[in-house]
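Letter by letter, the chains look like this.
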Amino acid sequence: MKSLRISLSLCLLAALPVMAGNFNTIDQVRPRIGQRGTTVEVTISGDYLRGAEEIAFYRPGIRVLSIEPQGKPPENPLKWRPALKCKFEIAPDCPVGEHVFRVRTPWTLSMAATFNVTPLPVVDEVEGAKERGTKDNDSVASAMPVESGVSVYGLMDGRASGDRDVFRVPVKPGGRFTAEVDCVRISDFTHGHGEDSGFDLKMRVLDAAGKELAANDDNALHVQDPLVSFRVPETLPSPADGTPGSFVFVEVQRSTFTSYQAPYALHLGDFPRPLAAFPPGGPAGETVPVRWLGDPLGGFTSPVAMPRETGTFRHAGQSPTTMLLRSSAMPNVLEAAGEGGTRVDSLPAALNGIIGKADEVDRFRVLMKKGARYRVRVFAAALGSPLQPKLQIQAPAADGKPADPALVKFTAEKDERDVFGISAYGGGVLPEAIDPSVIWEAKTDGEHLISMADLGGGGSPLSVYRIEVEPTRDAIFTVLPNTLYWWEAPKWASLGIPRGDRWTVNLNLMPCQGNTFKGETEIVAEGLPKGVRLLPNRVPAGAGKWPIQFEADADATLASAVIALKVRPLDPAVQLESGSQQNLPFLNKPGGDAWKTVRLDRFMLAVLEKSPFSLEVAEPAAAIVRGGELAIPVRLIRRDGFNEQVGFQCDWKPAGIGGPPQLVFEPGQTESVLSLSADLSAPLGPVPLVVTANTKERGDQGWHGDGQIRVSSRILKLVVAEPFVELASQPDSVRRGERKKMTWTVKHKTPFSGAAPVRLVGLPKGVELHEPLPLITSGTKEIAFDIEATDDALIGTSNGLTCELAVSQAGQVIRQRSGRGILRTDPRP
Amino acid sequence: MPHPSTLSSLRGLALAAALVGPGLVAASEPAEPPGFRRDVMPVFFRAGCNAGTCHGSARGKDGFMLSLFGYDPKGDYSRIVEQMPGRRVNTAVPEKSLLLLKAVAAVPHTGGKVFTPASPFYKTLRDWIAAGAPDDDASVPETVDVVLSRKAFVFDKAGAGDALTVTAHASDGSKRDVTGLARFFSNNPSVVAIDENGRFKATGPGDTNVFARFGRFTVGAEVIVLPRAEGFAWTNPPAVNFIDRIVFDRLQKLRILPSGLCDDETFLRRVTIDLAARLPTVEEYRSFMADAATDKRHRKIDELLQSDGFVEQWTTIWSEHLRNKGSTFAPNATLPKASDAFQGWIRSQMRSGRPLNEFVAEMVAASGSNISAGPPNFYTMMVNKWNVDPKPLAADVSQLLLGVQIQCAECHNHPFDRWTMDDYYSFVSFFTGIKRISGIEPRERRIYFDTTTEPAKHLVDERPMPARVLGGIEPVPAGSDPRKALATWLTAPDNKLFRENLANRIWAQLMGRGVIEPVDDVRVSNPPTNPALLEALGSRLAELKFDLRGLVRDICNSRTYQLSVTPNETNRLDTRQFSHAKMRRLRADVLLDALTDVTGVPGEFPNFPTGTRAVAFHPRNAGGDGRGESSKQFFHNFGLSPRNAVAASETKKEPTLAQALHLIVGDTLRTRLSSGGVVKRLVAEKATPEAIIEELFILTLTRRPEPGELQELLALAGPGAKDPALYEDIFWSLLNSTEFVFNH
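Chains A and B are the protein sequences, given in the same order. Numbering of the first sequence is given in the working numbering, commencing with residue 1 and proceeding in unit increments. Numbering of the second sequence is given in the working numbering, commencing with residue 1001 and proceeding in unit increments.
No wet-lab data here; the hints were simulated from the structure. Check the hints yourself; a few may be wrong.
Claimed, not checked - Using 30 Å as the maximum straight-line C-alpha spacing, the simulated BS3-like pairs for lysine-lysine come out as follows:
#1 LYS1484(B) <-> LYS1391(B)
#2 LYS1296(B) <-> LYS409(A)
#3 LYS409(A) <-> LYS1157(B)
#4 LYS1632(B) <-> LYS202(A)
#5 LYS1435(B) <-> LYS414(A)
#6 LYS1391(B) <-> LYS409(A)
#7 LYS1582(B) <-> LYS135(A)
#8 LYS211(A) <-> LYS1201(B)
#9 LYS1435(B) <-> LYS357(A)
#10 LYS1484(B) <-> LYS409(A)
#11 LYS1457(B) <-> LYS211(A)
Stated by the list, open to error - Under 7 Å between C-beta atoms, here's a sample of chain B residues computed to sit facing chain A:
#12 PHE1064
#13 ILE1440
#14 ARG1549
Backbone N, C-alpha and C fix where the C-beta goes; we use that ideal spot for every residue, glycine too.
Could you build all of it, start to finish, from the sequences and the hints given here?
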């Protein structure tokens, strides 16, 4: 089994298309699944994995016993791209489903990758087998026999004739048989060229005579991943080879033909696979009886302990894959039979119901107070319900007049669902976004009607919904701006802190739907490892993005930690909720949206080896003035013989401040200058300024966040000030051959000492400026430039003239441009 | 839209007016001043003033516009009386009205002299103007029906004639003779020619229809001109079922003898291509020919009706009709997954024998996901645009499911059918609320009907037109999805248009020509060539609960279907009455599969796995994997439907030079001939050249070579010839023969 699994992995590795510009630190992880209670050998391939020291999971359950790089290092170890062969020890109580991890090397913290855990024994697919006398398993006759109660790890290969995998499974006549495919849900293919459909499988279950017993392609619960669960017929034809017993044949195929490869898991057995839960959630911390719907042997009920932490959570039950349920800080209300609608005694409440048949409308009568603001959120598709919710809220009639027009909503923006940070190419569609979520302000006291129906007039016993109605709350989430096109960009998202140095990220601050708080805040970190600090910060009111800086002690332990970053109001009296989010799109396609998103509610941070270089940027002693430029010296400290190229840039650019794209310290270079400019509308006052630097192993792809080793300067204070002077001139003219003075008036705005030379720039071709240049001191009211038009001077009007002032202050030269002049050049008389 | 030439000319109308006996108009002349709608508007129609080539064009003519064929009397009144007060009508001196001066060419008129001051039309207009050019009051009766004096005429010889009398029935129950105000045309002037006054004359043998138009009504009468009776004796061929009885009855009436029954070889090939979309195998041929039972044709039909090929054939036909075509442009909601979902659903319906009316009803009323369900793709594929535009959609739905092209009625009442603008806009309103929103995954769109959407507005007066079925009176109730009512009405067994449209399409598929042809241009002025046959086929389909296989079984078992293509003296010229089988070029996909099967080399199609049958192919561009380019060219040359429209004409049936050249020099055949190894196998397996040649004939033409053919080929081969290249040449010749490419 093991050897086959490895060969499968290698086969996939070999088939991986080479993508220019790809900077995935992890390309793929094989196999994709392992059984809990076992130890599994896993191969991780990608860039920058040399020297891997730790594989850090976001939640407990998997322990990594060993990490071995494959192959020998080449002459230049920086170019070594070893795959890692690891041993994962999966605990017997490890949660089933997806486990997200990152790889920590001495110099980097990788992008996120996933591994999946099944409760069932894993059996590798064997396409053709000598003992079966078959060259493939593409038909009922050549089906691969497997036991019931296993997870098959299979490969949908890329052959031109299209792969078909058929498995023969023993079943109990009259009993339940369930087959579930995980393909999209376990995929780790972050980028696609239309290959997404290669991961879209469909399934049929046949008897030995080839008669179809059940089939599925897409479904509401698992979307593209098919599932069937049905009662086995009492009699089944015998297999052609005469094997005694009752068998069904599970056939897995691509839904839409493509010639790409996709690994999948096929869970087979007599386990229940409910398709919906009712109610689909309950009060946090309580145990709620949940009825499981859609089971072929009839529904059943079992108690579910709702987690204390509120939100959507995964529940495994008796199935090898999970379902989503809601844990909420409010009591449940279940729809009541009867025409009049369900009366809801008080809010907040979670209203639960089922649109059981076509054209059914469920109504809830809810008392609301005038002026109260409620957040009304529907959960249906987000939990795997086939319902296409149509939410309607109707205010009560007042004074005998007709009530306001009802609010009708049947979709939501992602940020209305509090999902942030998915800014991949197409924006990312999420099942949640098909469920409406609205803020409703009651304009009258009294009984409001909240109703639910299917938008397309449908309905089914599985069309479960949950409407959570609660007063609006203030909350701001911290979100890492983590993707560029289809990848997690480490420069923006990775929290790897070099020992004895620092790293800075620009944190997005996203208010929840209905948030009203806009005051000053600070970001605080929870769960930081010893020796790592989040430096003090103060976030101005309403900021949507802010740089935060971590610093590690020189002796901090090299390790990773899962942390949370939260927004805390400076006013201790303010109640503000906060949490962290990182949403990583997987299985993307160009121009499209992600099929799968890895959702994380915490960030991973790692202490890395001391960087072979540091950045030193002195705080500018002078202000940058509006319309001016400021050159800031940047110094690279090289250590231990490190002489590679290093790129540096100013990733955090305050509003109105501009700077160059990435600049480079060439080998041997340690001094450089960063030129910043301020536009005329740049906000005045102090703003944070920070410079980051990274190695450039892969050339000029700094904008990607390429580079393995990264450090940051301290966060510096840059002051934006009013310009020193304002210069103005009247339109003027000069004849060819004429030498004359062009006069500008000077208005002082910010005092400075000394004399600042002024240059006139933007003169047309053939008009020369003679030195000496005029000087401006504190008393200057007017200056004049000595200009002369030659016989080659361009005839006509030039209106792009401006003055450039160079003020020396605190050892730095600050350049400021001001004024707009017009000069007409005339021919000789 | 064929606009009969008799309508297109304005010239000679003066003569027409002169020919109209004053008595005809006088009989209907009102005692009171002429009414605008009742008397004046018909003059514009009859005189051609409001025709599309004159003032009825969209922008009018020479500054004066009338609504096309008078769809907007209110607007016409305003333009005549109110647009240039005192100019077009001069109530003080009616004869000085521009309207009259132009009509009699007393002032320059592009249309010339339309009638003379002596004509009754002139008098009608003058009297109306003299009476103050009054508008009608609200109670003016409307024309609700128009009836011809006779519905059928039979002439024994050319030169005989008759005349039509046209009577208009008004909403107040009154009737009047409007022969002098109607316009007339013949569908086939080589059978019967009709003049401006409804007088017609038989010109040659055949059957056709003559029509009269008055107001928004077009009514027709059948005219049969019999061939010479000498030497004709009805042979009384046996009728297997109702089809034969009706067809033969008609043929007997027309003095046409049906051809003889086709032989077993021809039948086997014909029915296997028609029902299973492939050629019979050699084994099937030998087994069928060896079968001496009298019911073997009947059994073969039943066997083929259960084949995968039957399912694939009808899946593809419906998929073409429904424009199922995958694209890469996500906003159109027609991504390959949606296309596959639709194709898969259609296939499952065809396989299970779902009644066709239920199949259609489910699509018409469909809401929900376009990828986890097939039917909602009715509203993605048929539209194939970013947004659902209800007008073309309504027109397509009508054309596809009723065979009726209502789009003319968008701008004016249908000139050759009974559909009005009211009908059109009310029908459009079934689709105004169709919306799509994103689903739970990127490829998905969900279709729903937004009940808050306003209905379509009438072009003339912007009246909201609530959803109403074609020909219906009351709109469907508002506030809910009207498509459910539409689906119910559309697919009801008593909906004659629907059942006959489906029956006619099935008939056309098997016979090569519809009883109405083109099958999707059903209108009063394009009547069935055998009305009783169409009615019977439609009724039979409804009686069979819209079972496709049931009607196909009836048709294929009929003697009519099994007639030979070889004509006799009496039916040589018949192309309309099914008196002999029609030579039909194989559909592009069936032909490619036939080439694949006989050569043993599977086809490659873009974005489909190798080995996919052409008949199971549906176009879907998934970015292109560079495969199957030659099949794309083949499909193009042989006219596989590009699915750009619902029109039946999207599938090309006619042979072209490009097709012949493609088979002679193209990749499709050249690369297959030797690589499949068929010839090599035969040469190895068969003992004699005779056996090899016979096998190649059966494989390709489903028949043994005739003695002459065999002799010639043996002479070419020489005794005991074993050179595969020689037999490849014979194979190539057979595959390039007309006999191979056609179903006969």
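We went through each hint and held it up to the structure:
1. LYS1484(B) <-> LYS1391(B): Status holds; Cα separation ~19 Å.
2. LYS1296(B) <-> LYS409(A): violated, 63 Å
3. LYS409(A) <-> LYS1157(B): Given pair LYS409(A), LYS1157(B) is violated - Cα atoms ~73 Å apart, limit 30 Å.
4. LYS1632(B) <-> LYS202(A): holds, 27 Å
5. LYS1435(B) <-> LYS414(A): holds, 21 Å
6. LYS1391(B) <-> LYS409(A): holds, 27 Å
7. LYS1582(B) <-> LYS135(A): At roughly 48 Å apart (the allowed maximum being 30 Å), LYS135(A) and LYS1582(B) break the hint.
8. LYS211(A) <-> LYS1201(B): Given that 30 Å is the threshold and the Cα spacing comes to 65 Å, the pair is violated.
9. LYS1435(B) <-> LYS357(A): Since the Cα atoms of LYS1435(B) and LYS357(A) sit roughly 22 Å apart, the hinted pair holds (cutoff 30 Å).
10. LYS1484(B) <-> LYS409(A): holds, 23 Å
11. LYS1457(B) <-> LYS211(A): Given that 30 Å is the threshold and the Cα spacing comes to 52 Å, the pair is violated.
12. PHE1064: violated, 47 Å
13. ILE1440: ILE1440(B) check passes; min Cβ-Cβ to chain A is 4 Å, inside 7 Å.
14. ARG1549: This hint is violated: ARG1549(B) lies away from chain A, its Cβ roughly 20 Å from the closest one there, beyond 7 Å.
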